[in-house]
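Engineer: My request is simple: use the sequences and hints to build the entire structure.
Line order of the protein sequences matches chains A and B. Converting from the first sequence to the working numbering requires adding 75 to each position, the first position being numbered 1. Converting from the second sequence to the working numbering requires adding 1390 to each position, the first position being numbered 1.
If you are wondering where the hints come from, they were derived from the structure by calculation, not from laboratory data. A hint or two may mislead.
[What the hints assert, rightly or not] Here are the in silico distance ranges between beta carbons for each label pair:
no.	chain 1	residue 1	chain 2	residue 2	range
1	B	Val-1983	A	Pro-327	55 to 63 Å
2	A	Leu-476	B	Asn-2072	37 to 45 Å
3	A	Thr-454	B	Leu-2091	43 to 51 Å
[Said to hold, decoys possible] Heads up, simulated BS3-like pairs for lysine-lysine below, C-alpha to C-alpha not over 25 Å straight-line:
no.	chain 1	residue 1	chain 2	residue 2
4	A	Lys-263	A	Lys-218
5	B	Lys-1537	B	Lys-1509
6	A	Lys-422	A	Lys-457
7	B	Lys-1705	B	Lys-1624
8	B	Lys-1953	A	Lys-422
9	B	Lys-1739	B	Lys-1755
10	B	Lys-1624	B	Lys-1588
11	A	Lys-457	B	Lys-1953
12	A	Lys-573	B	Lys-1681
13	B	Lys-1813	A	Lys-263
14	B	Lys-1398	A	Lys-263
15	B	Lys-1964	B	Lys-1938
16	B	Lys-1624	B	Lys-1537
17	B	Lys-1813	A	Lys-422
18	B	Lys-1813	A	Lys-533
19	A	Lys-569	B	Lys-2098
20	A	Lys-457	B	Lys-1813
21	A	Lys-263	B	Lys-1401
22	B	Lys-1758	B	Lys-1681
23	A	Lys-180	B	Lys-1758
24	A	Lys-533	A	Lys-573
25	B	Lys-1537	B	Lys-1739
26	B	Lys-1988	A	Lys-263
27	A	Lys-569	A	Lys-533
28	B	Lys-1755	A	Lys-180
29	B	Lys-1705	B	Lys-1758
30	B	Lys-1624	B	Lys-1681
31	B	Lys-1938	B	Lys-1953
32	A	Lys-477	B	Lys-2098
Even for Gly, the Cβ is constructed at its ideal location relative to N, Cα and C.
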Amino acid sequence: MTTGPIKLCVAALGGQGGGVLTDWLIEIAEEEGYLAQSTSVPGVAQRTGATIYYLEFFPRAEAERAGREPIMALMPVPGDVDCVVASELVEAGRAIQRGLVDPEKTTLIASSHRSYSIFEKIALGQGAANEAELTELIRRQAKRLILFDMNAVAEQHHSVISSVLLGALCGSGVLPFRRQAFEAAIRKSGIAVETNLAAFADACRRAQEGEDPVSSDAASNSPAAGNAAGGIPAQARSPRLQPLLDRIRRLPEAAQATALEGARRAIDYQDPEYAALYLSRVERIGRLDASPWTLIEAVARSLALWMTFEDTIRVADLKTRATRFARVREEIRAEPDRLFGITEFMKPRVAEIAGTLPAAVGAWVLGSPRVSRWLGWATGGKRIRTNTVGGFLLLYTLGGLKRWRRGTHRYVEESSRIEDWLGRIERLAPGHYDLAVELARAQRLVKGYGETHERGWKSFTALLARVEALAARADGAAVLARLHEAALADEEGKTLAKELAALGGPE
Amino acid sequence: MAERSFAKEVKSLRLGAGAEFRGEGILAVTKALLQSGVAYVGGYQGAPISHLMDVLSDAEDILTELGVHFEASASEATAAATLAASINYPLRGAVTWKSTVGTNVASDALANLASAGVKGGALIIVGEDYGEGASIMQERTHAFAMKSQMWLLDPRPHLPEIVRAVEQAFELSEASNTPVMLMLRIRACHVYGRFTAKDNRRPAFSADDALNAPIRDYGRIILPPSTYAQEREKIQQRLPAAIRFIAERGLNDFIDGESDDVGIVLEGGLYNNVLRALQLVGLADTYGATKIPLYVLNATYPLVPGEWVRFCGGKRAVLVIEEGQPEFIEQAASQILRRHDIQARLLGKDMLPMHGEYTVDVIRKGLKEFIGHWAPELRREPRVAQVREAPLVPAERLAAVVPPRPSGLCTGCPERPFFSAMKLLQREIGPLHISADIGCHSFATLPPFNMGNSIMGYGLGPAGASAFHHEGERRAVSIMGDGGFWHNGLTSGIGNAVFNRHDDVTIIIDNNYSAATGGQDIPSSRGANEHRQGNNSIADAVRGVGVKWVRSTSTYDIPQTLKILREALTTPFKGPKVIVAEGECQLNRQRRVRPLMKKAIQEGKRVVRERFGVDPDTCTGDHSCIRLSGCPSLTIKKNPDPLRTDPVAHVDNSCVGCGVCGEVAHAAVLCPSFYRAELIYNPTRWDRLLARVRGAIIGTLQRRSERKRLRFAL
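Structural biologist: Here you go:
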């Protein structure tokens, strides 16, 4: 009886070079005196879906001794695969789902980076898969695991992930082929040889060291990951702000980190006085709260975001900062001396323009259809070239209107909305603590611009309208939390409407 | 220009006798055709046989040298009709397509071809698009072979066998005056292997010979009384001849095993997987030596009664392993056995699933049951690790963290902005009935677009909306690609709409290629191809069949597309309204443009490369942009804002700067977070001067506000 062929399965995404990797492996196996067979089922999967490549290798010498050719299968069999190579984290999970990773037989070589599926990307909020959980399951299932961010390694060497996967395979030692053969295959393909070899070598080393970081990097880069709060400094960086810092330090510890971020944000958004207003609002809630201080923390977070609502002034301010120019340069991978231009895509509507006008004028504009229509001429898609003097000055001036922000129509409107919301929370806190917490959290629904902001505000007000009624129910907080999730379930608000209808009462 | 170049593979088509051919199964078929002295080849691309078409079109020179005529047929019907050349003349011809969809389209011509019968070998190579990776409804080609009396070969997925099958198919066809179908499953088409090549053969008889001495035989015409005679001939001569040939030439394999009272009959195409399954239950070794005798049907239609009687005679039970439904072979076999009073118990779909792909795992389970019942004495300890019945990791926990990954439109795809426009339009006017079609645009039926109420077949989008033609408020919308348009949509959809005075709206998405099948050229392709006549205007063709309301738009111009869509849906104009939405397939475009850009940059020419980005500090993580675009390069990343938890949108480095992000941000009142960066390579003196001046002014102002901010640092 023979040992049977070596069985290898590659799970890759369209465009990740799974085909190239397969060709390399065939090349290597044949050079090393093995009979090799590969096959795949690309089909429509080539278009951004996932493709499975399956290979089998059998020693030519053994076949010659037997005087017959081995029969090789055309698809992986659950429980009978020696090595699974997954070019992305969720694809590794999928390989396990297909039963391809056997705890007593299979070495799993996978990249810890994520390429998000459309289902994860279209969520109205947080839709990404839980990587920590997935990584733990992968670690449990594989007989041996080699897991690291192969995408990062590829980019670091200006190479492609297929050469990293090949390197990891070589380093893992699951294939009885010499390293020279691997390198020869890369050379023979004649494309980007140097960079591919560098990536290969790096990956090979990591695999030999049996790399398997409890993918802390993956976890922290993951959208699913929470935000770590920094420590609270004793001294404010500018002495005159020490009083603000002291007020923060007098807050319950649970809320200090968030409050500090909130205060910084308020200063960045407006000025220290604004941060003072923010803190006094937080303190108001603090007086009603007690350990474990869930309410004040939730309010500190939501309030900071709400008080720094994205008006045209804010956007213009952020768009014109030096730090932003630097970030763009980094994002687009422009070399230090590379010249580049930046074009913004903005579409102010009458609402945005009116929002930036003095309160009375803004109200008059929005109140008068004729003026709105007339102003309409100024609206519509604008392309602003921020790197030109004209374009920059336009945004810079707009950002400069900050000093008059407190007089703008939008500011006045938002302030009264905030006060109303805080008032409700204060009224609920004593008797209906949990409901108050959920109401504080529900502010998350109000975000974005234009239609997005209107949709969020609509959902939020729908929730507000129910709060009083919910206060009468024992499970009020749970229901509000459910409504909050429902509002994020779909764009058309169908789910929320259904939930509200189920509750009955006001529409 | 196809998505993939086969320049390298084409060389192996020249290999002579004794040389070793290495490559994909479908390429081995191509080589086998040349070795068989084929005179003409045609076909229509589609997975899994696209590569056969691609290789041939890259191999025009070799074909010309050999005197082989190759056509990228307009449709499978065209390809099938091409085989008419083999009716009257000893010309060997081969055609290929994706089955069963292609066979459906071809069956009119096929039925007539099969009735008339052939003098020269006529071979139909079908890629059986069944099971994992298939993109069509799940059916069997087998039925077509039976209904038209054509023979069906299903060889072992092993290159030497596949090549031999091609050569034998021509001989079988000639020996029985009947067209022969050679069926290859998806994995067999893509399987890499080797075989020893033979020299290519020039066709013995050429099209010229035929045209110089035309042969006419009324007996080959599809009209009575010939048709009656042809049916008789099918049964009395061709079928017996075929059965004789299959038996005498030993097309099917008999593999002996220890046991003599049970046996397994299987389709050749399943051989490797069945052997692996046998191995896993400990009844075969790596080299295919088996305990249970096997009868391998490399010819699955017609069956050879004598062989069945010989194999099943004296056995207690025989298991038929036949993929797909209905179980034609099992049915035919039971009739044979009954007629010959063979008492062996016939098992098949009662041990194996009636439907679905026969994976090794499925076959293994069936085998276990068969052996348990009928040959318990054969049961032994398997030599290979068993699958654990209960996986270590709980399936439901896994399912929660492994999101599905449906296919979608590629990065920068020109069809994306069109469907974004459609989505915006439906927000304005409410949902529409959309009759979808086959092509990349069928991905619009998936998230994030979720558009399309039915798909009736290639080029049949507009036809699929015919019944909705009425004088009501709302108009039906149908979609069709340029591929489907030239395949049949011009007549079945547009012509039909004109003739029947339809009032609805048809969108023809023109991406310049048959993109979904691998970017092959079609009549309206703009790219230069010295062997084809491209650049035929779709709009002209549409006007030519009588459409009065025709508009064209660039898909990347969303506002204009929206304007035209609104007009089409609201105009008082009565009659079909056709919109040609044009934008070149980005895969092909990048392949064309990238090298040129590289070259220009190396030559020191001034080049501007655009790409998009998102400002994470203005993005609030609602992802409306993604729901309107779904571009693979538009993804998400952790929110850098310590107070926010929802991930922000992010444009990764695969962005090709197609411009849709900006268009969408404008067309939908989205958010101001998108920016376009224009990177300048080899800037002029003027560029540098301008940049210095701007940098100075902007820099000063930025430093000023930076200083202000630093005054208040908490």
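Engineer: Quickly compare the C-alpha distance for Lys-1624 (chain B) and Lys-1681 (chain B) to 25 Å and report which way the hint goes.
Structural biologist: violated (40 Å)
Engineer: Given the hinted pair Lys-180 (chain A) and Lys-1758 (chain B), is their alpha-carbon gap at most 25 Å?
Structural biologist: holds (22 Å)
Engineer: Sort out whether Lys-1624 (chain B) lies within 25 Å of Lys-1705 (chain B), counting only the CA atoms.
Structural biologist: violated (33 Å)
Engineer: Would you say the C-beta atoms of Leu-476 (chain A) and Asn-2072 (chain B) sit inside 37 to 45 Å of each other?
Structural biologist: holds (40 Å)
Engineer: Below or equal to 25 Å on CA atoms is what counts here, so check Lys-457 (chain A) against Lys-1813 (chain B).
Structural biologist: holds (22 Å)
Engineer: What's the verdict on Lys-457 (chain A) and Lys-1953 (chain B), does the C-alpha distance respect the 25 Å limit or exceed it?
Structural biologist: Roughly 19 Å separates the two Cα atoms, so the pair holds.
Engineer: Taking 25 Å as the top limit, are the C-alpha atoms of Lys-569 (chain A) and Lys-2098 (chain B) close enough?
Structural biologist: violated (47 Å)
Engineer: Could you grab the alpha-carbon distance between Lys-477 (chain A) and Lys-2098 (chain B) and see if it respects the 25 Å cut-off?
Structural biologist: At roughly 13 Å apart (the allowed maximum being 25 Å), Lys-2098 (chain B) and Lys-477 (chain A) satisfy the hint.
Engineer: Within a Cα-Cα threshold of 25 Å, do Lys-1813 (chain B) and Lys-422 (chain A) meet the stated pairing?
Structural biologist: holds (19 Å)
Engineer: Taking the CB of Thr-454 (chain A) and the CB of Leu-2091 (chain B), does the distance hold inside 43 to 51 Å?
Structural biologist: Violated - the Cβ-Cβ distance for Thr-454 (chain A) and Leu-2091 (chain B), about 27 Å, lies outside 43 to 51 Å.
Engineer: Lys-569 (chain A) and Lys-533 (chain A): Cα distance at most 25 Å?
Structural biologist: holds (13 Å)
Engineer: Run the distance test for Lys-1755 (chain B) versus Lys-180 (chain A): straight-line Cα separation, threshold 25 Å.
Structural biologist: Roughly 21 Å between the alpha carbons, so the hint for Lys-1755 (chain B) and Lys-180 (chain A) holds.
Hint compliance for this structure: hints 3, 4, 7, 10, 12, 13, 19, 30 are broken, all remaining hints hold.
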